[in-house]
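What follows is the residue order along each chain.
Protein chains: 2
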Amino acid sequence: MIVALDHIAIAVPDLEKSIKRFMEDFGLNYEGTEHIESAKTSTAFFPLPPTSIELVHPLNDEGPVKKYLDKKGGGLHHLCFRTDDIEADIARLKEKGYEFLSDEPAIGAHDCKVIFIHPKSCDGVLIELNQPQTS
Amino acid sequence: MIVALDHIAIAVPDLEKSIKRFMEDFGLNYEGTEHIESAKTSTAFFPLPPTSIELVHPLNDEGPVKKYLDKKGGGLHHLCFRTDDIEADIARLKEKGYEFLSDEPAIGAHDCKVIFIHPKSCDGVLIELNQPQTS
Numbered sequence: 163m164i165v166a167l168d169h170i171a172i173a174v175p176d177l178e179k180s181i182k183r184f185m186e187d188f189g190l191n192y193e194g195t196e197h198i199e200s201a202k203t204s205t206a207f208f209p210l211p212p213t214s215i216e217l218v219h220p221l222n223d224e225g226p227v228k229k230y231l232d233k234k235g236g237g238l239h240h241l242c243f244r245t246d247d248i249e250a251d252i253a254r255l256k257e258k259g260y261e262f263l264s265d266e267p268a269i270g271a272h273d274c275k276v277i278f279i280h281p282k283s284c285d286g287v288l289i290e291l292n293q294p295q296t297s
Numbered sequence: 163m164i165v166a167l168d169h170i171a172i173a174v175p176d177l178e179k180s181i182k183r184f185m186e187d188f189g190l191n192y193e194g195t196e197h198i199e200s201a202k203t204s205t206a207f208f209p210l211p212p213t214s215i216e217l218v219h220p221l222n223d224e225g226p227v228k229k230y231l232d233k234k235g236g237g238l239h240h241l242c243f244r245t246d247d248i249e250a251d252i253a254r255l256k257e258k259g260y261e262f263l264s265d266e267p268a269i270g271a272h273d274c275k276v277i278f279i280h281p282k283s284c285d286g287v288l289i290e291l292n293q294p295q296t297s
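Protein chains in written order, with our numbering: chain A, 163 to 297; chain B, 163 to 297.
No lab work stands behind these hints: they were computed from the structure.
Where chains are identical, the list cannot tell them apart; a pair therefore holds if satisfied intra-copy or between any two copies.
Cross-link-like lysine to aspartate or glutamate pairs, in silico, EDC-like; alpha carbons within 20 Å at most:
no. : residue 1 : residue 2
1   : K282      : E178
2   : K282      : D176
3   : K228      : E196
Given the sequences, and given the hints that come with them, work out the whole structure.
Next comes the structure, spelled out in structure tokens:
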């Protein structure tokens with residue numbers, strides 16, 4: 163079951179510049195930057211409890227965020243719902259016809275199990291589901 | 163000062179279908195639909211306290227959301243930060259070089275004072291600031 167809006171992600175071409183923007187101009191708290199090797203993405207989180215703003219940027223100038231930036235130059239990238247049972251939600255949504263970008267969850271930021279629903283299944287919006295491994 | 167992520171908005175081509183999706187498939191609570199004549203937009207809110215998902219759809223088949231859908235077909239549209247002093251934040255951000263879509267706040271959904279920052283000022287992201295008139 164979906165229990166919260168975990169975060170929304172913004173793809174940014176210049177991570178340091180955008181971290182500065184969200185800290186200094188918008189006054190948000192900067193939690194730190196995490197490099198997700200499996201997703202070829204660097205992420206910077208700004209908690210607005212219980213949700214967060216996440217900046218995403220290509221790690222080593224490659225990967226899906228690099229493709230997004232090459233095409234769109236930056237912008238709102240995805241939203242993430244927190245679930246309390248990711249496997250059950252995947253099965254339930256597949257049954258309803260939703261397509262996913264992978265067959266199984268991977269380990270993403272904050273050491274969570276994560277999976278992405280294909281944007282074509284949801285009005286062009288890339289939706290992530292995540293669940294902490296400890297829950 | 164920005165105090166919260168008030169909502170994120172998704173532009174949808176079929177409002178009823180998307181309301182059904184977020185209620186039935188994602189299990190969110192549907193608060194209701196509000197027609198914002200000044201913005202030529204219909205909005206449907208799904209509270210995930212203290213934030214919300216907002217679906218936006220053209221009112222009377224015209225306006226800025228209509229233009230967005232004609233170009234992009236649907237997708238993440240904007241995010242909205244709640245501020246406790248919208249006039250002070252507008253002045254502060256203008257001083258830093260941010261451009262806004264209007265000179266003054268208008269009245270938007272939930273009877274809030276609202277204003278939008280131009281996407282070119284923020285990595286292609288349309289950012290709304292809002293403040294309840296009672297605060």
